[in-house]
Amino acid sequence: MTKILVIEDQEDVRSIIVEILRAENFYVIDAANGKDGIKLLQTEIPDLIICDITMPELNGYEVVTWARENPETEAIPFIFLTAKSSRIDIRQGIELGANDYLIKPFTRADLLGAITAIFEKQEIINRQTQNKINQSYNYINQSVNNEFFNPLHHVRNGLKKLIDNYELMGREEILKKLKEIYSLSDNFQDIYPNNSINILNQKINYESYKNFDS
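Read in order, the letters of the sequence shown correspond to residues 780 to 993 in our numbering.
Honestly, the hints are just simulated from the structure, not real lab data.
Do not rely on the hints blindly, as some may be mistaken.
[Stated by the list, open to error] Below, computed lysine-lysine pairings styled on DSSO-like, alpha-carbon distance capped at 27 Å:
1) K814 x K782
2) K955 x K940
3) K956 x K940
4) K782 x K883
5) K911 x K818
6) K900 x K911
7) K939 x K955
8) K939 x K956
9) K863 x K883
10) K782 x K818
[Said to hold, decoys possible] Label pairs and their computed distance ranges (CB to CB):
11) F885 x N804: 48 to 56 Å
12) E848 x E959: 54 to 62 Å
13) E853 x N804: 25 to 33 Å
14) R866 x N917: 43 to 51 Å
15) N905 x E959: 48 to 56 Å
As the structure is a prediction and not an experimental result, all values here were calculated from the model.
Ideal Cβ placement from N, Cα and C applies to all residues, glycine included.
Throw the hints in and build the complete structure from the sequences for me.
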């Protein structure tokens, strides 16, 4: 269940907000001032904070500043409640880390609309983040697989060169090339012990070219 912290010093306003949110099946915790709100944040981690600006003890600006300076709460979305509507006041809150503003008096639709917008934006960010994680994982996985398969690539190239130039190569050169191929295929076997490269190892068995050297 989505948890929302409401910090509002006016009891009637706070009660109305809590009632509206609980009717929408949110889990709500509330505080009468900024100091109590911060105390709750030290034990509860909500999904959203709705906070008045002008309050005793600590005001809303101080609460959002505290929240943004703590790793456990720095990413929690923040909606300010205020009777002030000047651009300077709104800009100050945004710069401190608020996500949205509700100007008092506001309606039930205003409150729920602001909450819905924030959670929808968060969902988009979460999807984008997950997509980036998946892309990074796929890239790393592909890179690792390509690195693992490099020995097989060198084995194939080595065998092709040996076949193409067999008549022009001396016994020592052929033996050297066979040892290189065997070493590469052996390394691949260590990475994939059950891979079909084992069949190749059987065909390029060291004993076969050890006799060649005699």
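Structure-based check of all given hints:
1. K814 x K782: The given pair, whose Cα atoms are some 19 Å apart, holds under the 27 Å limit.
2. K955 x K940: holds (13 Å)
3. K956 x K940: At roughly 9 Å apart (the allowed maximum being 27 Å), K940 and K956 satisfy the hint.
4. K782 x K883: Judged against 27 Å, a Cα distance of about 23 Å means the pair holds.
5. K911 x K818: With a Cα-Cα distance of about 35 Å, the restraint between K911 and K818 is violated, given a limit of 27 Å.
6. K900 x K911: Holds: K900 and K911 sit about 17 Å apart, inside 27 Å.
7. K939 x K955: Distance ~15 Å between K939 and K955 Cα, so the pair holds.
8. K939 x K956: holds (11 Å)
9. K863 x K883: holds (8 Å)
10. K782 x K818: It holds: about 16 Å lies between the C-alpha atoms, which stays within 27 Å.
11. F885 x N804: 48 to 56 Å: Given a distance of about 21 Å, which is not inside 48 to 56 Å, the answer is violated.
12. E848 x E959: 54 to 62 Å: Given a distance of about 60 Å, which is inside 54 to 62 Å, the answer is holds.
13. E853 x N804: 25 to 33 Å: Holds: the Cβ-Cβ distance is about 27 Å, inside 25 to 33 Å.
14. R866 x N917: 43 to 51 Å: holds (45 Å)
15. N905 x E959: 48 to 56 Å: holds (50 Å)
Checked against the numbered hints given earlier, this structure breaks hints 5, 11; the rest are met.
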